[in-house]
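*Asks:* Here is what each chain is made of, one letter per residue.
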Amino acid sequence: MMETQKAPAVLIDQASKWYGQVIGINDVSLAIDGGVTGILGPNGAGKSTLFKLLMGRLKPSQGSVRLFGIDPWTSTSPYRRVGYVSESEKLYEWMTGLDFVTTLARLHGMTREEASNRSSHVLDFVGLSDVMHKELGKYSKGMRQRVKIAHALVHDPELIILDEPLQGCDPIARTSIMSVIRELGNQGKTVLVSSHILEEIERITEQIVILHNGRLLAIGNLHAIRDLLDKHPHRILINCEDPRSLANLFIREEPVFGVRFPRDGLLEIQTNNLSEAHSLLPSIVVESQQAIFSIENPDDNLESLLGYLIGGAQ
Amino acid sequence: MDEKGLDLAETVWTRLDRKAGAIVELTVRQLRHRISTWVVLGVGTLLMVLLLAFYIDAVRDSFEPIDNDGDSVDEDSDGYPRGQEMKYGTSDFDSSDFPGVSEYVPESMIGFNEQQRELYGNKTWNGEALFEATWIDTELEGEWWEDRIIDWEEIDDCPDQDSAGSWFPQWGSACEYGDPDGDGLTSYYVRGEWRGEGLATVPEGSFLEWGHYTEPVYIEPDPSEMYIDEDGIDCFDSAGKRVDCPVSDRLGGSHGYDDDGDCYREGWAEGSNDDWFLEYDGDGERYDPDSNRNGIRCDVLWIVDADGNEVVSINADSFVDEDPDDEQYVGELSHRTFIIGVGKMAFVILLGLFIPLFLALGLVRDETENGTLHFLLSKPIHRGEFILYRLLGYLTVSGTYVLTLSLLVGIVTATLGPGDQLFRLTDLPVWLGIGISTIFVLAAYGALFNTMGLISPKYGVYICIIFGVWEFMMGTFSIINPNWAVSSISITHWALQMIDATVLMAWPDTLQWAEMGEAYGIDTGLNFFWHPPVHTFGTQSGAVALLVSSVTLLTVTALMIYIGQSVFSRREIS
Chain A
737 MMETQKAPAV
747 LIDQASKWYG
757 QVIGINDVSL
767 AIDGGVTGIL
777 GPNGAGKSTL
787 FKLLMGRLKP
797 SQGSVRLFGI
807 DPWTSTSPYR
817 RVGYVSESEK
827 LYEWMTGLDF
837 VTTLARLHGM
847 TREEASNRSS
857 HVLDFVGLSD
867 VMHKELGKYS
877 KGMRQRVKIA
887 HALVHDPELI
897 ILDEPLQGCD
907 PIARTSIMSV
917 IRELGNQGKT
927 VLVSSHILEE
937 IERITEQIVI
947 LHNGRLLAIG
957 NLHAIRDLLD
967 KHPHRILINC
977 EDPRSLANLF
987 IREEPVFGVR
997 FPRDGLLEIQ
1007 TNNLSEAHSL
1017 LPSIVVESQQ
1027 AIFSIENPDD
1037 NLESLLGYLI
1047 GGAQ
Chain B
4 MDEKGLDLAE
14 TVWTRLDRKA
24 GAIVELTVRQ
34 LRHRISTWVV
44 LGVGTLLMVL
54 LLAFYIDAVR
64 DSFEPIDNDG
74 DSVDEDSDGY
84 PRGQEMKYGT
94 SDFDSSDFPG
104 VSEYVPESMI
114 GFNEQQRELY
124 GNKTWNGEAL
134 FEATWIDTEL
144 EGEWWEDRII
154 DWEEIDDCPD
164 QDSAGSWFPQ
174 WGSACEYGDP
184 DGDGLTSYYV
194 RGEWRGEGLA
204 TVPEGSFLEW
214 GHYTEPVYIE
224 PDPSEMYIDE
234 DGIDCFDSAG
244 KRVDCPVSDR
254 LGGSHGYDDD
264 GDCYREGWAE
274 GSNDDWFLEY
284 DGDGERYDPD
294 SNRNGIRCDV
304 LWIVDADGNE
314 VVSINADSFV
324 DEDPDDEQYV
334 GELSHRTFII
344 GVGKMAFVIL
354 LGLFIPLFLA
364 LGLVRDETEN
374 GTLHFLLSKP
384 IHRGEFILYR
394 LLGYLTVSGT
404 YVLTLSLLVG
414 IVTATLGPGD
424 QLFRLTDLPV
434 WLGIGISTIF
444 VLAAYGALFN
454 TMGLISPKYG
464 VYICIIFGVW
474 EFMMGTFSII
484 NPNWAVSSIS
494 ITHWALQMID
504 ATVLMAWPDT
514 LQWAEMGEAY
524 GIDTGLNFFW
534 HPPVHTFGTQ
544 SGAVALLVSS
554 VTLLTVTALM
564 IYIGQSVFSR
574 REIS
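From first to last, the protein sequence lines are chains A and B.
The first sequence begins at 737 in our numbering and counts up one residue at a time.
The second sequence begins at 4 in our numbering and counts up one residue at a time.
By construction, these hints were calculated from the structure, which means they are not laboratory data.
All clues stand as given, with none of them false.
Taking lysine to any residue and the SDA-like style, the derived pairs with C-alpha atoms no more than 25 Å apart in a straight line are: (1) Lys-826(A) <-> Arg-574(B); (2) Lys-826(A) <-> Thr-375(B); (3) Lys-742(A) <-> Pro-383(B); (4) Lys-826(A) <-> Glu-28(B); (5) Lys-461(B) <-> Glu-825(A); (6) Lys-826(A) <-> Trp-41(B); (7) Lys-826(A) <-> Ala-23(B); (8) Lys-874(A) <-> Trp-41(B).
Footprint (simulated), chain B over chain A, 3 or more residues, beta carbon under 8 Å: (9) 788-801; (10) 821-830; (11) 835-846.
Bear in mind the structure is a predicted one, so any value in this text is a computation, not a measurement.
The beta-carbon is built from N, C-alpha and C at its ideal position, and this holds for glycine as well.
Chain B extracted, bound-state conformation (with noise of 0.2 Å):
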């Protein structure tokens, strides 16, 4: 019994296969047949022709680097970036002032006396004196707004000569005093800065500090790359060791190492320097090694929402350039965005819609109205059981289609795409899952138009135009939105939320690059063309979006296949 039970489940198994199978077959040759066939699939060739011609176009375009701490300019142009200046602490806002140029060092002074002092030397003054000069540097200038620097081409008379001290020329300026004792040197009442040799006298109450220059020293001026990019986002493993954080450590908690120097200065530690202008940068700023407040200098703060996956924002000290290496975070971002974009826009959206109008509307209707369906139904085949396997002949020929055009973009970008890698292994699954989606769609548009062209030969490429511009825009507003409850009432949706699922599965770090994109300012498009999945039940798994997407696909697609047949097996055909 047994036995004779497994031979007739074996035959009608073997036997619904063989029909399967003939169908399938009838089906494909069929479409190898169609000039229609033919031209949808040059289309969509040609469609991705032209992406990956743009893609080429793009990967072969370098990307010019972002200065995200903005020390790399060299704003008086004297050809040391800003990071450098600000390591010897000279303004980039004054060309004269640059590391190595001669600098001034105060050897002491006389300040506010009680009575008249005299200095006799050779040196570079400043302050308030009736000057005795030997020598006069009359070549001593500074930038127009450096007024305090005397300029001995324009000198008057002093307004009189016995009055000494009961008046003052402006600061910045010196008046010719004569030659009071008759030695045949010129004395001068001076305000201001000046270089010369001579013999200064300060009056009571007035204020003279004296110094000299020093040689001046040739720096070599960095390159202005040196301070753009300056590093990967640096991490710190047990040993203290600064390593290149790993993707998956780059969360939450203080990273990060002031490579080009600007921020920590060496040298410079904070409050050992009694010299007041060393604690302002060259811009005038208080110098802030610890900007962000949290105790470490020069480091990146990442603060993480509660359940620690996603970054919120990213806050660095000043002049810490801590992201990652801007040609390779943009190279990254932009190949995948290249990657999610195509297969959401071209694949599901376009060869997803338009490969079942026009492949799937007629695959039951044109044989009824050809008269050839009456060969087909003369055999003992359930009109249901043909719809199903016509059904999955139109899936081979679309499918085969899809997956091979999907693997063979994948494998160009992979070969193309950014990082050190020689191939980007890690696409293929992505590229996999966007072949995979786009069956999974036109399975489910197929059932759905060849169903509509069942109930209304005559009008259903019309209901199925109508649903494709519905479709069109619930998958963009998917696409924007996937939030949006209204857009789930579309097939493409999804479809959508399988690329997304398994852009989840197949690149964890999705979720962390498209928050660094924003942390930094730099829009590549990843923001809108990849959001996390949403139907994941809380879990915020890709796998199970991806398992409830597939599952709702399939079940849209049988339910269509169920109407159609049902619609089917009531129809006279005459």
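Next up, chain A with everything else stripped away, as it sits in the complex (with noise of 0.2 Å):
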């Protein structure tokens, strides 16, 4: 017991995971304990199948997986401790919110009251209060991927496992998912959150853990990433009126070390130090007066970052 209780919240050991000729987890090993993490990959990297293999829905073709020191494949205990945002999106629509989250609250052996006591507790956390009496199948997007998180949580757990949540919400439920994960965060439980947006993990936590093609690329702290990203040639795209007028000013900086013209109202600059870069923007914009559509980041993204590291891998 004592052990168990010392163990790490998540520990794979060298585990993989295929399915017939197609690989899932390719050798991953990872320990983790405490804080948010976010596991990044694009789609089919194999976040899923980590989760799965966490959660007990599929047995480790190699190697081992340890949810709290205990095999989660042969054994439902550590589900006590754990709470699990699946990536399905379907719900039981007839229900209500607060009726599902406690039903399966009960599932943890709590009492009709105890659960629902606690689950109205987690909807308010999650931001749900108001609807919580409302059917599922007349929640929003945002609100069902609440409503899983809910939960997830009900049960107070250590280690929260969060597949996806972020995807298809509208930017406010995105803003109040992000806080509710970062609030679990400072509360101090272990939190495992997965996405293929770089930006999105960004928000949340700085601790990253990069899955491509099954593998593990890389883990630790997403601003030594990001700072050896910064250095690598970036693109900025500005749309406004007058796009030659800007790239005069702009030419002149330092980190800028070319531009293009794309298309009509459009200005490429390119640049080998990003965040140096967007710290000008403000100062010239307002000095060529003219309105501004809109500024990206092009390859301020998930694919550019594995390009980079793949490319220094190479």
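Reassemble the complex: the two chains are provided individually, in unrelated frames, and hints are given to aid placement.
*Replies:* Take a look at the structure:
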């Protein structure tokens, strides 16, 4: 018992999982305990496979997976301390949010009253207290994600695993879910959250794990990785009234080494220090005295990061 | 320590209980939100309503009672049923012969005398004589076959007036002999029966009997119903008093009483009457009040088998219609046949197969396909537990439905059913047994179908349908002949056995009723739908059969849950 108490929340040791010829996870070793960890990877990188191994849905083909020191494939006992939000979109549409969470809470052995009280509490925590008596079928995408999170939190777990919790959410829901996740991290819980969008994870945590094609590509602090990336050539796309006059102002600055005009009204700035370029942006825009319609960072995404990391590895 | 141990046990149990409660409740609510649930249960209810309509129709239709000994007919259409004619010794094949009809009373006779003798009188004559008539009743006539009666309209002259006695007219005819003594009165030579006043001269060696017909008396004809269902089954109590036989005493030995009297025929004591024709009944059969030859007049002999609980044959003396009241009898038999038939065909075979096919097949499989299983399986609950609680939820819905339906149908039939009592309370245990047997079937099929759905999510339904056909066949065979060993390789067989056992326990006299149905040739189908339970280990006890059958079904259910959970626990869910 003492040993399992000390065991890390998640311990993956050289685990591989393949489905026939297709590899889901390839020789991944990982130990996570405490704090919010972002699991980053493009679709098909093995994030869900990793979570399903953790949740005992799948049996590792090789290696071992332990939750609090216990094999989740053979025992359900770690689930007392784990909350899991799957990527599955289906809910019991005819149930109210409170009903749904209460029913699942009772599977933890709570009494009806206890479950109901805890459920209202977590629904309030995720910001659904005003709709918890409505049927799930009437919930928006963001509400559905939040009710799924509520069910995972109802038993006050030590480890929370969220599979793509921000997928398909509108910006308001996204912000509210992110703050919930950050709050959980502040409470000292171990949180695993997966996403294929770098920006989302960046707003939640600095501690990341990057998966690619089933392999563990990088693990560590996002800022450190980010700094490496910033030194890499980047593009900034600016949609404005007069791209050429704006280009004139930019080309004089040091981090900018080139400009292009891919389309009418569009300016592409090439830089090798993204953060410095961004810090220059406001003053130049003011100086140019023209309307800016949008600013995009097409290279500031997971794909570029991966491209950079893979390139570096090669 | 102890206290702590107890606490721990309590915690584990109450937690299990709470989990079970949550999943059962979830399952019930899920089933309630599915259209197919309502369709299946609705169709089942409709089926029962239809069957009840048939039942109510049959109950209201009065039953035509059966005349077991055939003495209610009136063959000669004289208005008197055969039973009544037999009591009066008249013939049911002669319309001129009926109770109260003027009857011939013989007075005396001249029998084959050595010399010619004479007698004067106004008589009915029967024999051979030269008759010098003062008056002749030319009206006297009988049926066409009674050719001894002289037809006075067809009289020829005798061939030779001088040679009287040397020739004879045919029996049943006469010839005119003229007036040999010249006193103005015509003489006839007659052979046969006639009525008239005059001087009869009986020739040497001839025979003449005479007498008179009584005045006809009007006797009220009995209604023919009197000779149908004369009585229930009579017994005699220890004091020799006639009582309605209690069902439990209807076994073995001599019972019965000839209530309508056409066997006893009061005043016809056998052998005391030397009138030769009275020893025969109206049909020309020798009167025999002990045709079953057990030395007791006008009784019914019941023969039972060696262990004394099964009637082998029922043998009544002639014209003892000693069966139970047919209307009551057929009513009771039909009522029981309906209940057993509906219990077996509609409840166990139809509802028992179709409800699980629609409700249980996808209990776990559908959760997997919907993706909602992830929520349930991320909770600390073993997959085997999950299957068990799902099945419990399904059984809560289907079991409540079946039990309610069986008791509702039971209340209707118990209210409308035959018998003097207002409400047939003894029917309810049978309906309860039917409900419970069906629940056992629902559990076994539910576990089996759910397991099939888990083993092969894609083809499970086809396997189940093939299996259902097999079960249907075996169920039918089990109804026809439960002793056929092959049919016991089916779930239905054991459930049907549970019903047979319940029936035997709730209505122990069903065996008796079935045998009587056979003995009296009244076919209500009870012998088709019900047989004594088979698996009694030779005890012939309903309780043993019930225990054996229910344990078998529970074992099958447990085995199927075990297989299902073994498959499901090893399954990867992506």
